[in-house]
Amino acid sequence: MPFGNSHNQLKMKFSSEQEYPDLSKHNNHMAKVLTPALYEKLRSKQTPSGFTLDDVIQTGVDNPGHPFIMTVGCVAGDEETYEVFKELLDPIIQDRHGGYKPTDKHKTDLNPSNLKGGDDLDANYVLSSRVRTGRSICGFCLPPHCSRGERRAVEKLSVEALGALTGDLKGKYYALKNMTEAEQQQLIDDHFLFDKPVSPLLLASGMARDWPDARGIWHNDNKTFLVWVNEEDHLRVISMQKGGNMKEVFNRFCTGLTKIEELFKNKGHAFMWNEHLGYVLTCPSNLGTGLRAGVHVKLPNLSKYRQFEEILKRLRLQKRGTGGVDTAAVGGVFDISNADRLGFSEVELVQMVVDGVKLLIVMEKRLEKGQAVEDLMPAQK
Amino acid sequence: MASMFTRVLSGRNTAVIMAGLGAGTLVSSYIMMTESGVSAGEKKKLYPPSADYPDLRKHNNCLASALTPAVYGQLRDKLTPNNWSLDQCIQTGVDNPGHPFIKTVGMVAGDEESYEVFAEIFNPVIKDRHNGYDPTTMKHPTDLDSSKITSGMFDENYVLSSRVRTGRSIRGLSLPPACTRAERREVERVVVQGLSGLKDDLAGKYYSLTEMTEQEQQQLIDDHFLFDKPVSPLLTCAGMARDWPDARGIWHNNEKTFLIWINEEDHTRVISMEKGGNMKRVFERFCRGLKEVERLIQERGWEFMWNERLGYILTCPSNLGTGLRAGVHVRLPLLSKDSRFNKILDNLRLQKRGTGGVDTAAVGDTFDISNLDRLGKSEVELVQCVIDGVNYLIDCEKKLEKSQDISIPPPVAQSKK
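Protein chains in written order, with the numbering used here: chain A, 1 to 381; chain B, 382 to 798.
Hints were generated in silico from the structure; no laboratory data involved.
Check the hints yourself; a few may be wrong.
Below 20 Å or equal to it, Euclidean Cα-Cα: the simulated EDC-like pairs (lysine to aspartate or glutamate) are [as the list claims (entries may be wrong)]:
{"#": "1", "chain 1": "A", "residue 1": "Lys11", "chain 2": "B", "residue 2": "Glu569"}
{"#": "2", "chain 1": "A", "residue 1": "Lys32", "chain 2": "B", "residue 2": "Asp624"}
{"#": "3", "chain 1": "A", "residue 1": "Lys13", "chain 2": "B", "residue 2": "Glu569"}
{"#": "4", "chain 1": "A", "residue 1": "Lys298", "chain 2": "A", "residue 2": "Glu310"}
This one's a predicted model, so the numbers in the text were calculated from it and none came from an experiment.
Turn these sequences into a full structure, and let the hints guide you.
Here's what the structure looks like:
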């Protein structure tokens with residue numbers, strides 16, 4: 001179990017072979033990389049806070065994966081996990097993030113004025129726009145590994161920092177365990193409320209322990225800027241609004257994040273970040289920017305076009321149902337967002353979404369009129 | 382900052398001082414310490430027990446009733462020789478607040494020593510769950526001499542099947558919440574090797590969950606033998622479903638009357654069963670099988686976890702002592718509708734369940750009736766209690782059939798040694 005356990009020493013009594021997990025039926029990134037030799041090399045190690053190799057991989061051992069969807073199969077318990085277990089995590093990161101090498105540097109760019117356009121996505125097609133990311137606070141273990149004391153300290157710090165936001169960012173915190181029935185219903189109606197994770201991918205990593213202690217939702221009075229505290233990451237930060245003004249969403253996102261970072265720094269806490277991995281989060285899939293910028297957009301004709309998947313691939317976009325990851329599209333409305341997280345800056349990723357969605361809408365309009373779209377096929381970005 | 386820490390960490394009043402300061406201050410101090418490197422153990426102590434004490438205000442389980450901040454403070458930093466901690470014992474109880482009507486236990490042991498190292502919390506939980514049994518003063522009687530059983534043949538017009546189950550843990554290996562993959566595989570190896578020595582009516586075969594064929598799986602399902610990955614959060618939060626289905630399996634004899642589960646909620650669960658009402662024979666086979674398995678593992682230098690205070694040591698405190706549940710599937714169409722049914726069961730120290738087992742509802746008029754108690758009474762006493770009790774129930778049913786009146790029996794004596 002993912003605690004500061006020196007239980008790891010007990011395992012050294014047994015040979016590496018005796019402890020090596022059975023991954024013969026597994027299809028996830030961890031299973032591809034973790035050979036018996038690598039297991040043997042890394043199993044005696046642990047991070048300073050006591051996170052072990054078995055802690056990293058437990059979720060991947062317990063969840064063999066899906067024949068079509070390649071899950072990551074491991075998590076970090078603290079910032080040092082990515083260093084201590086780099087021989088396991090670097091190849092996983094490389095495979096998951098389009099060939100990102102252990103020597104590559106990640107660029108962070110949260111200057112919204114670098115975004116070109118994005119304020120005029122056709123609102124007849126784009127129903128809503130949203131940008132999300134995560135942030136981890138230095139000095140605290142991550143959700144799979146943190147103690148109750150640490151989790152509560154993260155909550156306390158976050159609530160204090162968010163409480164200092166002003167102007168259109170001013171808002172209120174709702175602790176999961178204290179909210180009234182009325183508050184809960186409002187948060188559900190606003191589609192803000194997050195629930196205890198049910199996915200075995202998350203549960204097996206230990207991040208749902210002690211639920212709902214120290215979990216909560218903060219949002220501004222305008223309901224356009226939202227922060228989740230202690231769900232899958234220390235913080236998940238979301239900027240969103242109806243319609244197609246992605247530029248405004250991204251402006252608020254960057255302003256809000258920058259302010260929050262400043263407020264945390266004033267209290268002596270930085271966000272976990274380094275120049276190789278960018279922002280450090282619980283799941284290796286969210287490294288770099290941790291950013292998913294997306295729209296809910298009507299593409300009833302284009303989605304039936306035989307080259308739809310290929311177009312998305314070339315634009316470096318992915319589609320999801322409007323319920324989020326692992327849901328199906330309803331009524332021709334798709335959630336379209338950037339596929340990448342690491343190796344591109346925030347501005348670059350949002351630019352890809354803005355430019356890509358613009359093109360998708362042009363193609364949709366052509367198909368509506370029964371016109372051809374082959375000449376519009378994009379090159380691979 | 383550093384000097385404040387040395388003073389605070391060494392003081393006996395640490396918890397009081399630190400609680401006063403608040404987590405925020407601590408955290409800032411911690412940040413300054415990280416540069417010099419703080420180990421996991423030291424890091425934990427930077428947070429006083431009060432910062433880590435779980436919020437149990439909405440909880441209704443034995444753990445929540447017993448775990449005061451003082452007890453938590455005394456036990457938080459202790460570890461068993463296998464490095465298992467209090468937080469790991471109680472995680473399932475923190476994660477599962479319980480039910481207003483059903484009081485769950487809320488904690489598990491990670492190894493044999495858990496019951497000793499964390500006695501301050503296990504003892505009140507055991508007392509709560511087992512009707513006042515006090516491990517510090519009482520001794521638990523073990524008696525697997527089935528020849529002592531009387532009247533062990535039920536009227537088969539009413540009793541459809543008879544079953545006795547218990548669990549056994551292999552001394553020296555951690556329990557399912559805590560075990561490593563290698564330990565779990567070792568449990569499997571030791572038990573399967575022992576079982577392969579069983580002969581005659583006990584001779585049988587092992588079916589590993591990872592290796593069974595489709596056909597074998599279907600047969601085990603049809604026989605109602607197959608167990609699946611636990612879905613109950615009470616079990617999954619305790620960590621016992623890790624690495625599923627590695628090193629899990631089912632062994633049964635060729636006659637399908639003696640069955641062993643390996644590495645489910647306990648190292649082993651041992652079940653003797655048959656259709657009909659011959660509880661005496663079921664129990665005889667149970668005792669004989671258990672003794673034989675024990676002899677076979679002892680030949681190779683292994684033994685079961687047992688001590689005279691707690692009897693057989695199992696993962697959940699609710700199964701200590703005998704770990705025994707002896708029960709029947711019995712038809713009681715008239716009695717079950719009588720308003721005195723539950724009181725009769727109470728006084729006979731019996732419990733009713735649906736025929737799907739724990740947390741299921743009865744189908745038609747057939748009930749699963751079994752002993753309530755596990756600790757403080759021996760196996761023979763408990764099985765006799767079930768036999769006498771079920772005979773009484775059948776007698777009531779027969780009386781009601783003839784429109785005669787029934788009476789509530791006086792309460793069976795509880796163990797108070």
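So, going through the hints one by one against the coordinates:
1. A:Lys11 <-> B:Glu569: Distance of about 17 Å is within 20 Å: holds.
2. A:Lys32 <-> B:Asp624: 17 Å, holds
3. A:Lys13 <-> B:Glu569: The given pair, whose Cα atoms are some 18 Å apart, holds under the 20 Å limit.
4. A:Lys298 <-> A:Glu310: 18 Å, holds
Against the hints set out earlier in the document, no violation occurs for any number.
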